[in-house]
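K.L.:
Sequence:
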Amino acid sequence: MTKYQFQKKILLRSIFIMLILFIILTVVFSGYVIKTQTIEFEDQVDTQLQGITSQIDNTLQLADDIALQIAANFQIIDVFNKLQGYHGKKNYFVEKTDIDYDVKQHLISYMLKQNFLKRISLFDANQDLTYVGSAVDYGYLKKGCPNPEHFTEIENYFAEENGKGNLFWVDAADPYMKDASPTISVLREIKNYQLIPSKCLGYVQVQVQIDSFEHLGQLLGKDSECYILDQKNNHILYSYQSSRKESEVKEILNQMNNPVKRGLYCRLWESEKYGIKIFVVSQNTGLIHSLISTFTWGFILLLSLILIMISGQKNVIRRTTEPIVQMCEMLTGLKVDKNLKNIPLVSGNETDELRQLNHAFDELIKNLKISMEKEMISRVNEIQSQMYALQTQINPHFIHNILTIISAMSGTSEREKIPEICEKLSSMIRYNVSSSESRVDLSSELLHAENYLELMKMRYEEKFQYSMSYVGEMPNFHLPRFIIQPLLENCFAHGFHNKEFPWKIDIQIYCSEECWEVQIRDNGCGMDQEELEKLELELLEMRNRDVKSLMKELKIGGLTIKNVYLRLFLAYGNNMIFDISNKSEGMCITVGENYENTCTGS
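In the working numbering, the protein residues as written are 1 to 602.
No lab work stands behind these hints, which were simulated from the structure alone. It cannot be assumed that every hint is accurate.
[Said to hold, decoys possible] 35 Å max Cα-Cα, derived DSBU-like pairs, lysine-lysine:
id: 1; residue 1: K199; residue 2: K277
id: 2; residue 1: K178; residue 2: K222
id: 3; residue 1: K104; residue 2: K82
id: 4; residue 1: K277; residue 2: K463
id: 5; residue 1: K96; residue 2: K199
id: 6; residue 1: K113; residue 2: K142
id: 7; residue 1: K96; residue 2: K143
id: 8; residue 1: K104; residue 2: K232
id: 9; residue 1: K250; residue 2: K277
id: 10; residue 1: K199; residue 2: K222
id: 11; residue 1: K199; residue 2: K35
id: 12; residue 1: K583; residue 2: K534
id: 13; residue 1: K250; residue 2: K273
id: 14; residue 1: K232; residue 2: K222
id: 15; residue 1: K504; residue 2: K463
id: 16; residue 1: K143; residue 2: K273
Please work from the sequences and hints to get the whole structure.
P.N.:
What follows is the structure, encoded as structure tokens:
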């Protein structure tokens, strides 16, 4: 796909179209999820509010029934009939403790049955008061209590209503206590309801503490807040699951018609009858979680679809564009230095237009192959001749050096070794002329090198030492003649120059199925770093130069490294292994052939 850009473009355009369609479907589906979740959420909040208001309504209606039962009780009516003629300065029920006891015994039965009641109070216009339930401040039991307006407002209400019905009274604080919690009271006139008209004798006040509605918060979800507000001034009487300030709640209440405001959903229930408002504020976190889940699964689905589509589309595109790819490969593969037998021709009896186009190239390719094969044969023959010419430079050089050694030994006590040296030399010469082939197997080349080292060992005896070690089995590798021995000869000619005895050469041979590698290491003087860098640069430049011009420079004596390098390059090309470097003591040269870049290296 990186080689043929048109295939990548086809695939990318398909993915782009798929991505656009998926985004559209995701937006539509998300809109549906948002609408569905919003409706479900709003219905849920409405149900919560309905449950809370229903509970409050039932509680207050039950308190009203209790107030009516007490107000219509004949025992209570009889007590307040007697109270009409009392004009004492003290509270009647404080003075008449026996009557107060009987009244409280009757009232306390209601308190025991209904645990949501805070207090039941009986009083008249003269502020005579008795009660059961939570204790009141002592001042209310005296004439001229601390808050006489409370009694006056109640009396005025029933006077204005002409004695109709009941009264639900909201107090931000308990009217009979200082710094107490808010309450809702239901009041009824004490009178004989069987007589019409009937005179009001006093009042029954059944108080419900708003804190008793705390259990109603269990009807709310964890993300909902509930407020009980005063109908008159929106003062918060009670709140559940909230830490908001009253000013913030009023601001939300004023802007509750804006559904986008703060991402909150608000519902309000107002009751003029009870004098309160129930305000529910909720945040739809479930929608947020649903959207996150939707987009997460959407992303996973998109990624899966893209991977599946890439896999399928690659196969479809590959099969569809195969004729074009084959044409590209044929045209780009037509090079002189390639083996034309490996260039495939498109064949078949396809009716596809692209394949018909390919068939038109068949004859052209056949003709090109014939022409280029002739050119390749000519090039191979030329390189083969050049290899022979380079190799012939080695032979006289080597024989010259050995004859110099024999001449040096003839006038010394070591002349007895000359026959053995001649035998070794004869063996090496036979190796050189035994075959007309330019390549030999690796084991023969190593044996030839070992013969040379033995000659040097006879010459220098204990002053010279060498070792050869093998790693791996030695397959049937072939290499040009005289690759290793010239490098060994280079150690004596240059490496051991001005080097004191003993001289040492270590040869390590590494072989595997993919490569062979021979490493030659000496303890000589090495090479000056600048000269080494210069030599490496010259070796790299040799790759780009004409072989004929290089041969003119490769003369006998002192140029064995360049000769070996060039012959390896002609034999192996980029698969050649050739490395030369200075070590802590002496120099190391590594040569070899590598097919798959798996050799250990030096």
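K.L.:
Does each hint fit the structure? Answer for all of them.
P.N.:
For each hint, the structure was consulted:
Restraint check: the Cα-Cα separation between K199 and K277 comes to about 34 Å, which is no more than 35 Å; the hinted pair holds. Straight-line distance between C-alpha atoms of K178 and K222 comes to about 34 Å, which keeps the hinted pair within the 35 Å bound. A distance of roughly 17 Å separates the Cα atoms of K104 and K82; the hinted pair therefore holds under the 35 Å criterion. For the proposed pair K277 and K463, the alpha carbon gap of about 115 Å is over 35 Å, so the pair is violated.
Between the alpha carbons of K96 and K199 the distance comes to roughly 23 Å, so the proposed pair stays at or under 35 Å and holds. Proximity of K113 to K142 is assessed by CA-CA distance (about 29 Å); at most 35 Å being required, the pair is judged to hold. For the hint pairing K96 with K143, the CA-to-CA distance comes to about 15 Å; that is within 35 Å, so the pair holds. Under the criterion of a C-alpha separation no larger than 35 Å, the hint pairing K104 with K232 is consistent with the structure, at around 34 Å.
Between K250 and K277 the CA atoms are separated by roughly 12 Å; this keeps the pair inside 35 Å, and the hint holds. This hinted pair does not check out: K199 and K222 have alpha carbons roughly 52 Å apart, beyond 35 Å. Between the alpha carbons of K199 and K35 the distance comes to roughly 60 Å, so the proposed pair goes past 35 Å and is violated. Distance hint between K583 and K534 is fulfilled; the C-alpha atoms sit about 17 Å from each other, no more than 35 Å.
The straight-line distance between the Cα atoms of K250 and K273 is roughly 22 Å, inside the 35 Å bound, and the hint therefore holds. At most 35 Å may separate the alpha-carbon atoms for a hinted pair to count; K232 and K222 meet this at roughly 29 Å. Of the pairs offered as hints, the one joining K504 and K463 holds, with about 9 Å between alpha carbons and a cut-off of 35 Å not exceeded. For the suggested pair K143 and K273, the alpha carbons sit about 31 Å apart, so the restraint of at most 35 Å is met.
The structure is inconsistent with the numbered hints 4, 10, 11, although it conforms to all the rest.
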